[in-house]
Amino acid sequence: GEDVEQSLFLSVREGDSSVINCTYTDSSSTYLYWYKQEPGAGLQLLTYIFSNMDMKQDQRLTVLLNKKDKHLSLRIADTQTGDSAIYFCAESISGANNLFFGTGTRLTVIP
Amino acid sequence: KAGVTQTPRYLIKTRGQQVTLSCSPISGHRSVSWYQQTPGQGLQFLFEYFSETQRNKGNFPGRFSGRQFSNSRSEMNVSTLELGDSALYLCASSSGQRLGEYFGPGTRLTVT
Numbered sequence: 259g260e261d262v263e264q265s266l267f268l269s270v271r272e273g274d275s276s277v278i279n280c281t282y283t284d285s286s287s288t289y290l291y292w293y294k295q296e297p298g299a300g301l302q303l304l305t306y307i308f309s310n311m312d313m314k315q316d317q318r319l320t321v322l323l324n325k326k327d328k329h330l331s332l333r334i335a336d337t338q339t340g341d342s343a344i345y346f347c348a349e350s351i352s353g354a355n356n357l358f359f360g361t362g363t364r365l366t367v368i369p
Numbered sequence: 004k005a006g007v008t009q010t011p012r013y014l015i016k017t018r019g020q021q022v023t024l025s026c027s028p029i030s031g032h033r034s035v036s037w038y039q040q041t042p043g044q045g046l047q048f049l050f051e052y053f054s055e056t057q058r059n060k061g062n063f064p065g066r067f068s069g070r071q072f073s074n075s076r077s078e079m080n081v082s083t084l085e086l087g088d089s090a091l092y093l094c095a096s097s098s099g100q101r102l103g104e105y106f107g108p109g110t111r112l113t114v115t
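Residue numbers (the numbering used here), protein chains in the order written: chain C, 259 to 369; chain X, 4 to 115.
Don't read these hints as lab results, they were simulated from the structure. Note that the Cβ used here is the ideal one computed from N, Cα and C, for glycine as well. Be aware that one or more of the hints could be misleading.
[Claimed, not checked] Pulled a few chain C residues facing chain X out of the computed Cβ check, cut under 10 Å: (1) SER265; (2) PHE267; (3) GLY273; (4) PHE359.
[Claimed, not checked] Straight-line C-alpha distance at most 30 Å; calculated BS3-like pairs for lysine-lysine: (5) X/LYS60 / C/LYS325; (6) X/LYS60 / C/LYS294; (7) C/LYS294 / X/LYS16; (8) C/LYS328 / X/LYS60.
My request is simple: use the sequences and hints to build the entire structure.
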């Protein structure tokens, strides 16, 4: 199965942390990704995690992976108004040369 | 390094026509993937090419086709356009196992 699910909306106040969640169903995932899409733009790869890792930190971004529950999260520390965008999680599956995307979470940062 | 480029950026066509979209990957990248993004269906995989060979194809009708040239540039073609083909078409290029590392800005196709 290639179902990747995310909640549709998230609002946070500027300076707070944002946590965007994602669940996936395929246990043969190799890499899991987080992308950002701003209005009228393509996808920007923010970070990725290999499926044998539990956590990855990259400046303000922290990715947590719970393989048992097939749950992936992206935490953005000190969220800024420029972080307002749609965030997509995606997985690549062993043997398949394509990505399966979630529905996207629209993050709104309130000044 | 120049990013992934897609041409044209915007396109308006009428039903029944055909369209060709172009994608130039990052220099040295041999894998090019295409995705369709619509408000209703989200991001859906069309096909992936590696060294001029289609390695994988999504669940789209045969009206959607693609190819890749020896310089890794890729084109996708949609024949007999339908209103539902209106979408943002995104292409991504990769150098290795991590797919979709770099996405282009997309081509927005409107079918009237």
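Evaluation of the provided hints:
1. A distance limit of 10 Å between C-beta atoms decides the matter here; for C/SER265 the minimum to chain X is near 14 Å, and the interface restraint is violated.
2. The beta carbon of C/PHE267 is not positioned within 10 Å of any beta carbon in chain X (closest approach about 15 Å), and the interface hint is therefore violated.
3. Checking C/GLY273 against chain X by beta carbon gives a least distance of about 29 Å; that is not within 10 Å, so the hint is violated.
4. Interface restraint check for C/PHE359: the shortest CB-CB distance to chain X comes to about 4 Å, inside 10 Å, so the restraint holds.
5. As the CA atoms of X/LYS60 and C/LYS325 are separated by approximately 27 Å, the hinted pair is consistent with the 30 Å bound.
6. Restraint check: the Cα-Cα separation between X/LYS60 and C/LYS294 comes to about 25 Å, which is no more than 30 Å; the hinted pair holds.
7. Our distance criterion of 30 Å between C-alpha atoms is met by C/LYS294 and X/LYS16, whose separation comes to about 29 Å.
8. A distance of roughly 26 Å separates the Cα atoms of C/LYS328 and X/LYS60; the hinted pair therefore holds under the 30 Å criterion.
Of the numbered hints listed earlier, those contradicted by the structure are 1, 2, 3.
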